[in-house]
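Undergrad: Here is how the chains run, residue by residue.
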Amino acid sequence: MTEQQIKRVVIAGGGTAGWMTAAALAKMLMPAGVSVTLVESEAIGTVGVGEATIPPITKFNTQLGIDEHTFVRETQATFKLGIEFADWGGLGERYFHPFGRYGFDLEGVEFHQYWSRLKSLGDEHGLADYSLNTLAAYAGKFLRPELDHGAVIGQLGYAYHFDAGLYAAFLRRFAEGLGVTRIEGRIEEVEQDSASGLITALSLDHDRRIEGDLFIDCTGFRGLLIDGAMGSAHKDWSHWLPCNRAVAVACEKQGDPLPYTRSTAREAGWQWRIPLQHRTGNGYVYCDEHLSAEQAEETLLGSLDGAPVSSPNHLRFRTGHREEFWVGNCVAIGLSSGFLEPLESTSIHLIHMGIAKLVSLFPRSTDAPVERAEYNRLMTDDFTHVRDFLILHYKATKRDDSPFWDYVREMDIPDSLAGKLELLKSQGRFFKYDAELFDVTSWLAVAEGQGWGPQGFNPIASGLSEANLKRSLSNMRASYAKAAQVMPTHQAYIDRFCKAAPISFATEPA
Amino acid sequence: MSAERILVRGTPVQAGVIGAYLASRWLAAGRALELAIDPEDNTAAPFVTRPSIHRLHGEIGLPTDQLFARCGGSPVLAAEAQTADGSSVQLPFSAFGVPRGGLEFHQYWLRASRLSEQADLTEFSLSLALQNAAHKPPLAQLAQLPVEFGIAFDRAAYGNALLSFAKAGGASVVESGNEQEQDADLVIQCSPDAGAPKWHGQELTIALESDIPGLEWHHLSSAARRFASLAAPLSNCAPEQAEWTRLAVAENERVADMRELLSINDPLASSRPALQRKAEVFVACGRIPTEDYEVFTPPEWLAALWARGVRPRRSDRMAERLPDAQLLDWLDQLRGQIASLTRQVQAA
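Just so you know, the protein sequences line up as chains Y and P, in that order. Residues in the first sequence are numbered from 1 upward in steps of one, following the working numbering. Residues in the second sequence are numbered from 1 upward in steps of one, following the working numbering.
It cannot be assumed that every hint is accurate.
Where chain Y lies over chain P, by a calculated footprint (3+ residues, C-beta under 8 Å) [stated by the list, open to error]:
| hint | segment |
| --- | --- |
| 1 | 20-34 |
| 2 | 239-245 |
| 3 | 277-289 |
| 4 | 317-325 |
Pulled a few chain Y residues facing chain P out of the computed Cβ check, cut under 10 Å [what the hints assert, rightly or not]:
| hint | residue |
| --- | --- |
| 5 | Gln4 |
| 6 | Ile6 |
| 7 | Cys287 |
| 8 | Gly451 |
| 9 | Ser462 |
Derived by calculation from the structure, the hints in this document are not laboratory data. Backbone N, C-alpha and C define an ideal beta-carbon position, used for all residues, glycine too.
Can you make the complete structure from the sequences, with help from the hints?
TA: In structure tokens form, the structure reads like this:
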């Protein structure tokens, strides 16, 4: 096989995945002599996946050297302190998955063990009373934690809601500023070496040809390169995550934007609500075996905060991932690599992880079987960890009001999840795998919020006297309540530091 | 009568580590802890601990500096292990050089060594420089330096100190043979011949290995910490038992990987998949992939791979961001700083 030095990276497809990849590779690898070219066509729409993110996105932006307030302004972003889940455990119930931790550990013992013990003594304060993120979110407050803000506000974790289209445009400017070449054009053919099967070039419309050494497939669900040319099979997880359709629509915003995403469980899936500075994003993720597209659209449009500002966009997807994310000299990043419903806002995170691992394992030549195998192993782990956490939301429910909920409540779950749940339910034990994204706070929030929380506590938590336990936890609650009280409102923070220019929907490009 | 009773069997230092931790973190009203000591500990070697000792001492309130003075303590900045060919290799607890721009130092070294002849990678380790210096710096000074370190204790003195601490915390200490095994809800057995760690029924076996200094400490301390973290009513703890065993076995697999790396001629041909992957990825691009529940740190793996002659074919592309002259200057400066710091510490 001919060994080709990697000097030219070609990214097929713009959108969030394409431009995130272009920006990161430009920043990290162009100084090392690698050129980056991105091919996209304005004639092909992007899914605009994401909009809601999780805290590691702040690290991605920081690594690129992006000023946070500029980014927020230019993407109509708002800050996000967590996710509210409504009607998941049972109809009429709600809970909050915060991005910052619960309480403070005492004497080296995890906080939630003390909380469980206090609960066993009859105390009724919930985990939310020990979460600054939750208290601030429900009070509509936000403050970016700084080093001199102290330990309580220092616990605040946050991410963003943003307009994915504007984020892609923002990163495009950034990447082009670093020297990325953008080519407008439609990919008509993927050329491959007949002997090695490696991709040699993309043939574009108007008889143009873009040669490269390494090709990144950011063509979305189509997977033009990874599937069409390289034939990487799809690993299907719809048995555990049966939703396979979504309908999305933006509406006018009403009032100040809330600093959190809302996920409301519906008859055959769930509905998201994502507040931005200029509008509110909405969507209904559902299973078409239990609901028609018309019914889903009707439900969605009937539950908007304001008037729609776009036409409903219907999407079809398959939950799962590529058996191989990297085949030959082609790496799939974004929707082309796989899809997990955005229940925990992980779509953009999985793009970030794909990029980070590619940079870490960036090959010198096209003959890189070891780097490829390692990349595929790590990405499979990432998808699997997220999958298990998503399944928890469906499995841990009491709902029996529709065939959809009957199915997910009764379905088998992966062994990896079953073992974890057993430990968590018994006495709040949680052991995180090294590369696992969601930590004990996240697992506790969802399990407890849906009625599958710890039934006991670690006996070590008995080391604190009852009086001291009550006093310590009471002090914590007071500290969190006070901190939330003194924080500025989310809107005031945005107004002060990063207010975006208003957009008129009458003139906004589609 | 106590509702729950644990019996720990081992040499003074083994029962001491387990006993001190459980006395501090598990013992409470309604619980009893008995330590049955086998006084026949003929091991002459010091009891070597890894850097995690500082955390464990902190968790249970043991004064490290006092124990250091009372128990013949000496800092350990790298563990020295034997290879199959009889040579020894030092596994430093801290990184070689300093990372730059999110990239490990050895990637820059690899690139520099292709530009011009460089001192061996081990010359860029402050840990190794201090470990091999004639005099080790005092604890207070070490704590100010950017290095991780454990402590080697006189085995008998440290064991006795921990037993005293456990006793003060409410544990009872008896000589082996005088214990009351029939009343124990759980027997914790510290055994060098156990093969695999296991918590099943009323017996928890800690499989002790000591071929790499610090391993015995690691097995004891993580067994105690993990047990306390999982502690459940001993009459009803099947999930906790399974989880304890799973985690301990997983760690043992990682230790077995290191043992095999040190003992076989061609790590790339290892039959252990995780080790083979480590070696292959390292050769391919200089990265050291980590598995879940690693025991050894990346610098230790790097040192072991290096000592066994495994070399990357190339450096990371990101190392090329630094211009040649700047790269070579930086390496020179770094080596000079390590030498200078080591001299200063010696002179202090």
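Undergrad: Hint by hint, note whether the structure agrees.
TA: Hints and how they fare:
For a cut-off of 8 Å, the count of residues in the segment 20-34 of chain P with a CB near a CB of chain Y stands at 3, and the three-residue condition holds. Restraint check on the segment 239-245 of chain P versus chain Y: 4 residues with Cβ-Cβ distances below 8 Å, three needed, restraint holds. As drawn, the segment 277-289 of chain P meets chain Y at 8 residues by the rule of a beta-carbon pair under 8 Å; at three or more, the given contact holds. With a threshold of 8 Å between beta carbons, the proposed coverage of the segment 317-325 of chain P by chain Y holds, since 5 of its residues qualify and at least three are required.
Because the closest C-beta pair between Y:Gln4 and chain P is about 15 Å apart, greater than 10 Å, the hint is violated. Below 10 Å, beta-carbon pairs count as interface contacts, and Y:Ile6 has one with chain P at about 8 Å; its hint therefore holds. Restraint check, Y:Cys287 versus chain P: the minimum CB separation of about 32 Å is more than 10 Å; hint violated. Using the Cβ-Cβ criterion of 10 Å, the hint placing Y:Gly451 at the interface with chain P is not satisfied: the shortest such distance is roughly 19 Å.
Because the closest C-beta pair between Y:Ser462 and chain P is about 5 Å apart, less than 10 Å, the hint holds.
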